[in-house]
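In case you want the letters, here they are:
2 protein chains.
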Amino acid sequence: MSDNQAISNRVPVVERLLTANEEVAADNRVQFRSHDVKVFNIMASPGAGKTTLLMATIAALAGHRLGVIEGDVASQIDADKIATTGTPVVQINTGGACHLDAPMIRHAVQALPLEDLDLVLVENVGNLICPVSFDLGQDFNVGLISVPEGHDKPYKYPAIFEAVDLVVVTKSDLLPYLDFEVDTFRELVHGLNPTIPIIVVSAKTGEGIGDWIAWLEDKLGRG
Amino acid sequence: MSDNQAISNRVPVVERLLTANEEVAADNRVQFRSHDVKVFNIMASPGAGKTTLLMATIAALAGHRLGVIEGDVASQIDADKIATTGTPVVQINTGGACHLDAPMIRHAVQALPLEDLDLVLVENVGNLICPVSFDLGQDFNVGLISVPEGHDKPYKYPAIFEAVDLVVVTKSDLLPYLDFEVDTFRELVHGLNPTIPIIVVSAKTGEGIGDWIAWLEDKLGRG
Chain A
27 MSDNQAISNR
37 VPVVERLLTA
47 NEEVAADNRV
57 QFRSHDVKVF
67 NIMASPGAGK
77 TTLLMATIAA
87 LAGHRLGVIE
97 GDVASQIDAD
107 KIATTGTPVV
117 QINTGGACHL
127 DAPMIRHAVQ
137 ALPLEDLDLV
147 LVENVGNLIC
157 PVSFDLGQDF
167 NVGLISVPEG
177 HDKPYKYPAI
187 FEAVDLVVVT
197 KSDLLPYLDF
207 EVDTFRELVH
217 GLNPTIPIIV
227 VSAKTGEGIG
237 DWIAWLEDKL
247 GRG
Chain B
27 MSDNQAISNR
37 VPVVERLLTA
47 NEEVAADNRV
57 QFRSHDVKVF
67 NIMASPGAGK
77 TTLLMATIAA
87 LAGHRLGVIE
97 GDVASQIDAD
107 KIATTGTPVV
117 QINTGGACHL
127 DAPMIRHAVQ
137 ALPLEDLDLV
147 LVENVGNLIC
157 PVSFDLGQDF
167 NVGLISVPEG
177 HDKPYKYPAI
187 FEAVDLVVVT
197 KSDLLPYLDF
207 EVDTFRELVH
217 GLNPTIPIIV
227 VSAKTGEGIG
237 DWIAWLEDKL
247 GRG
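Protein sequences, first through last, are from chains A and B.
Each residue of the first sequence is one higher than the one before, starting from 27 at the first, in our numbering.
Each residue of the second sequence is one higher than the one before, starting from 27 at the first, in our numbering.
Take these hints with a grain of salt, some might be off.
Intra- or inter-copy, both count: the list cannot distinguish identical chains.
List of simulated lysine to any residue pairs, SDA-like, C-alpha gap at most 25 angstroms [claimed, not checked]: (1) K107 x Y203; (2) K230 x E49; (3) K107 x L204; (4) K107 x L214; (5) K107 x A52; (6) K245 x P223; (7) K230 x L204; (8) K64 x Y203; (9) K230 x V208; (10) K245 x L200; (11) K107 x A185; (12) K107 x G217; (13) K64 x L246; (14) K107 x E207; (15) K64 x R212; (16) K230 x T210.
What the hints contain is simulated information worked out from the structure, not anything from laboratory work.
With the hints as constraints, model all of the structure from the sequences given.
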């Protein structure tokens, strides 16, 4: 055996290089844990009802201190809406990018009082595809699908249904007017992610909001 | 002046380098024009009703020979639906990519009988952000927004409203059940793109489908 071969044999094998985003996401995670803050990354199509669910959550979640990060390509109308409730909120404008990333979150949390919070809800950019690939440092991923989008979305956008810890079907008050088959949707989702819970909600009628709050409280449990 | 400076002064200034995508898009455009085929790139969120509008178009557009290219991350259920009408259709699966690009279109059109067609409707991947940046070689861009998505979308996704030649508001049959303000939406869109036409349609009731067909026929006019 030559010296070169001996050296080569001692070179450690790096199985997978962390990307810059993953490194920052890991730092974010350390920071969140050091403050005992749980972070939920909420992903959905444009107009699926993310902000409306956040408003219902703020109204219904008692006994936990909540912060919000709003992600949008442009505008701050969602953050302005959240701010009317007195909830600490930061708006991220991606300036064209189709998803949030870990450095954006690192920057945004500097404006949140982490030491006074129990959880942060992150509303990602409206997009069923791109946000799935970018770790933010969150503890849980939540995917929203609104009834008007149709029950066939798991066929077309499988990655999000594989990546999330909970699926929330929103706008259930529209079920009477549309062809969304809840049972078919459940079967398609469970074909991709067999044990994932699925909650059907309407922020308008209040249906299912209690189940959503119970799921959040279970994840916040300090057990 | 040194020889080097003289040479440097004669180097042509390339104002803007074409990307690989733009080069292929230009080739696609040449191919479409050589067959006298008009191409429409249809962009919208997931579940906004792109395929349903295509089905209504196939039923209503008489006297023009139509082909369809369906773009999805995964599955071919949209193309299967179109195929039931006998319309020539090709499904593109992007395998994860959040938009169609010109090379995908170049590949797909090989399976379409361009010499027998007057127009091709391209249904892009469900996404309000990424498809806007990729030229496919189309003649016209059409943006769809469904009533359940809300009238505030121009604030949050301005680029698509600046890029398109027509905005179609879909699912108008749901207006009685939702807070979508059509006049506010028109104002926001015209703030970004002052002269763009906006057509309000429902594939369910047929409202506005005639206006959409008239717009298409106008663009197809051989004048």
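Okay, the hints, checked on the actual structure:
1. K107 x Y203: Classified as between; 22 angstroms across copies, 28 angstroms inside a copy.
2. K230 x E49: Neither, since 40 angstroms and 49 angstroms both go past 25 angstroms.
3. K107 x L204: between (28 angstroms within a copy, 18 angstroms between copies)
4. K107 x L214: Result: close only across copies, 18 angstroms inter versus 34 angstroms intra.
5. K107 x A52: Close neither inside one copy (30 angstroms) nor across copies (44 angstroms); limit 25 angstroms.
6. K245 x P223: within (13 angstroms within a copy, 48 angstroms between copies)
7. K230 x L204: Answer is both; intra-copy 16 angstroms and inter-copy 10 angstroms each pass.
8. K64 x Y203: neither (37 angstroms within a copy, 36 angstroms between copies)
9. K230 x V208: Result: close both inside a copy and across copies, 18 angstroms intra and 21 angstroms inter.
10. K245 x L200: Neither way: K245 and L200 sit 29 angstroms apart in one copy and 36 angstroms across, limit 25 angstroms.
11. K107 x A185: between (30 angstroms within a copy, 23 angstroms between copies)
12. K107 x G217: For K107 and G217, only the inter-copy Cα distance (22 angstroms) is at most 25 angstroms; the intra-copy one is 37 angstroms.
13. K64 x L246: within (7 angstroms within a copy, 55 angstroms between copies)
14. K107 x E207: Answer is between; shortest inter-copy Cα gap is 18 angstroms, intra-copy 32 angstroms.
15. K64 x R212: neither (27 angstroms within a copy, 40 angstroms between copies)
16. K230 x T210: Both, since 24 angstroms and 22 angstroms are each at most 25 angstroms.
Violated hints, listed in ascending order, are 2, 5, 8, 10, 15; each of the other numbered hints is respected by the structure.
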